[in-house]
Every structure is written in C-alpha cells, then in structure tokens.
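**Q** For the record, the sequence lines run as chains S and C.
Here our numbering is used: the first residue of the first sequence is 1, the next is one more, and so on.
Here our numbering is used: the first residue of the second sequence is 178, the next is one more, and so on.
Possibly wrong hints are sitting among the right ones.
[Unchecked claim] Some but not every residue of chain S turned toward chain C, in silico, with C-beta under 7 Å:
(1) Phe10
(2) Pro33
(3) Ile35
(4) Ala118
(5) Gly133
[To be verified] DSBU-like, lysine-lysine: derived pairs with alpha carbons at most 35 Å apart:
(6) C:Lys240 / S:Lys100
(7) S:Lys37 / C:Lys240
(8) S:Lys52 / S:Lys88
(9) S:Lys146 / S:Lys100
(10) S:Lys165 / C:Lys240
(11) C:Lys267 / S:Lys37
(12) C:Lys240 / S:Lys57
(13) S:Lys146 / S:Lys57
[As the list claims (entries may be wrong)] For each label pair, taking beta carbons as the anchor points, the in silico distance ranges come out as:
(14) C:Trp274 / S:Ile78: 33 to 41 Å
(15) S:Asp48 / C:Ala254: 27 to 35 Å
(16) S:Pro31 / C:Asn217: 40 to 48 Å
(17) S:Pro45 / C:Ser241: 40 to 48 Å
(18) C:Arg306 / S:Leu23: 24 to 32 Å
(19) S:Ile78 / C:Gln205: 37 to 45 Å
(20) S:Ala20 / C:Pro265: 24 to 32 Å
(21) S:Glu163 / C:Thr270: 32 to 40 Å
(22) C:Ala254 / S:Ala20: 28 to 36 Å
(23) C:Leu280 / S:Asp85: 18 to 26 Å
(24) S:Gln174 / C:Gln205: 43 to 51 Å
(25) S:Asp48 / C:Glu233: 22 to 30 Å
It should be emphasised that the hints constitute simulated quantities derived from the structure, not laboratory data.
No residue lacks a Cβ here, since even glycine has one placed at the ideal position from N, Cα and C.
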Amino acid sequence: MNRRVAWVIFFFVSLVALLAAGLTLNPREVPSPLIGKPAPAFELPRLDAPDKTFSHKEMLGRVWIMNVWASWCPPCLIEHPVITDLAKSGIAPVVGLNYKDKREDALPWLRKNGDPYALSVFDAAGRIAIDYGVYGVPETYVIDQKGIIRYKHIGPVSPEVAEKKLKPLVKELQARG
Amino acid sequence: MGRLLVLLLFPGVLFSQESPDLEKRVAQLSNELRCLVCQNQTIADSNAPLAVDLREQIREQLKSGRSEREVLEFMTARYGDFVLYRPPLKATTLALWVGPFVLLLAGAWILLRRVRKRPAAPELSEEERVRAAKLLE
C-alpha cells in the first residue's frame, strides 16, 4: 500500500479513536479539586432536631460517607435503596446532608422511604454544599479518619459503584488506619 | 430585556441602588464563571438555583471587601478550573492552549513541503505562446 494512504488512514483512525473516547466521557463529571483535601468544616443543625447541631469534627477518627440528598430530587429516590444497603452493611456511617430542602418535606420523605442515615444535617441555604463543590444532588463523598476527602461520586450511586468503588475504598482506608 | 429580567429575578437590586458599582462587579465576575448545572452558560446567564446561590456568594464576598481574584480562588477551590471560562495556563491545560498553534504550524509545514516538491511549470515554446494568446482572445 502507498505510504501516504497508510498515513492518511492512520490519521483518521486515530482521530476517530480520540473522538470515540471523548464521547464515552461524561461531561457532567467534573473532577473535584477537593479530592485529597480536608473536608470543609461545618456545624449545622440536625434535620430531626433543629436545636441540636452536628459538626464534621464528630466524625474524625472514622471513615465515613457523606451523602447529599433532598426530598425534591428524583435521582435521590432512585439511589435511595443503594444508600440504604450501603448503610445497612455497616461498613461505615452514612451522614446525610439535606440540601436546600424544607423540614416539612424532608422528614416525611425519610419516613416514607426509610432513613438509612446515622443522621442528617440540614443545609437549608446550601451554603455548606457550596463548600463541598456540590452542583447537582445527589452527590456522595468518602472521607477518611483524618477528615480528608478521598472520593466523590456525582449523581445517583448505582449498585455497581457501591460494590466496586465505595466499599473497597472504605475497606482500604480502614485497613490503612 | 436583560435588565428587566434582572429586576424580576433579583428585586434586591432595587434596594442596592447605593452600590451600582458592586452590581457591576458581580455581573462581571458572574460572566467569568461557568454554571455547572447547565454547563454551557455562565452563572450570569443561568437561572439554575445553584447559579443564583453562587451570584449571591459573589455579591456577599465582594461586599465584604474581597478582591475579584480571591472570589475566583474561592470558586476554583470548590469546583476546579472547569468553572473558569478562561482556564489558566498550566501543565494540565497546556494542550488546550498550545494545541491549536501546534496544529497550525504542522499544517503550514506540510503545505510548504508539498508546494516545494511540486515541479516548476514547464516553459512554453514561442509557438505555444502564440496559440495560448489566441485562445485567450
């Protein structure tokens, strides 16, 4: 075969491969600059008890999962069974960050769909969520014993993500101590 | 139209007339930042709740005396360089900045090579010249 034709074919095949790879990427998944950084501090009222607050400091020394959810968010309902299974497995405490919600909506939502959370904090203004770089609910974070964010999942957690990413990572972090 | 929309969406603007300067700075910065919910809009254009919240953040921070640069740092610390409509020049964005010029140079080089390789046009004989002149008349 003519060398030039070979080059042209090579060029187009590489171009197609590059574009095909680009198509499989999800533009919604923006890499978070917070991975490997300390989880932003917060002290927020509890969803179930407005007069009590909860701070990120109370989770220091433990690997934990933070799940950002809202009663107005349909994908949150979709992932809810997965989050429930994850919490029930007892692998790590799951703390809910109730995002821009109303208590009168959020509490019945938990009663109806089950409450897998160790507790939920109430971020009515979404101010803490901004610190965590949340731009779409649901989002899920894995935070280690030292309070460092190790993983962030954007969008509903699928059973595959829970089994293949979250659980192994939590175990690995726990083993590391 | 835009101004009307702003008034409808942020009646607060009416009350902050004492600082049109601040509103201008907020608008300018909002135009630099990408709305992550609707990724091809700036947070100035978008009415997604997050964009509204982020504009409010910008307003508060500028009001409290932070500089434009500090606000941009606040945003990139949380959402990454992706929020910037003008990404900074660094190792990870080098291809983005230099790529088009590399391609342009490569194209120019290939073109130049091909043009040089092309054999020069053959000289016309006197006879051919006369014929060509006739044909062109």
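**Q** Given S:Ile35 as an interface hint, is the shortest Cβ-Cβ distance to chain C below 7 Å?
**A** violated (10 Å)
**Q** Restraint: S:Gly133 near chain C, CB-CB cut 7 Å. Satisfied or not?
**A** holds (4 Å)
**Q** Given the hint of 37 to 45 Å, is the C-beta distance from S:Ile78 to C:Gln205 inside that range or not?
**A** Because 39 Å falls inside the window, the suggested range holds.
**Q** Quick one, are S:Lys37 and C:Lys240 close enough, alpha carbons at most 35 Å?
**A** Holds - the C-alpha atoms of C:Lys240 and S:Lys37 are around 28 Å apart, at most 35 Å.
**Q** Just to be careful: measuring from the Cβ of S:Ala118 to every Cβ in chain C, is the smallest value less than 7 Å?
**A** violated (25 Å)
**Q** Sort out whether S:Lys100 lies within 35 Å of C:Lys240, counting only the CA atoms.
**A** holds (24 Å)
**Q** What's the verdict on C:Lys267 and S:Lys37, does the C-alpha distance respect the 35 Å limit or exceed it?
**A** Roughly 20 Å separates the two Cα atoms, so the pair holds.
**Q** Holds or violated: S:Lys146 with S:Lys57, Cα cutoff 35 Å?
**A** holds (10 Å)
**Q** Do the alpha carbons of S:Lys165 and C:Lys240 lie within 35 Å of each other, as the hint requires?
**A** violated (42 Å)
**Q** Given the hint that C:Lys240 pairs with S:Lys57, does the C-alpha gap stay at or below 35 Å?
**A** Satisfied, since the Cα-Cα distance of roughly 30 Å is no more than 35 Å.
**Q** Starting from the hint 40 to 48 Å, judge whether the C-beta atoms of S:Pro45 and C:Ser241 obey it.
**A** violated (24 Å)
**Q** Given a hinted range of 22 to 30 Å, is it respected by the beta-carbon distance of S:Asp48 and C:Glu233?
**A** holds (28 Å)
Taken one by one, the earlier hints fail for this structure at numbers 1, 3, 4, 10, 16, 17, 18 and 23, listed in ascending order.
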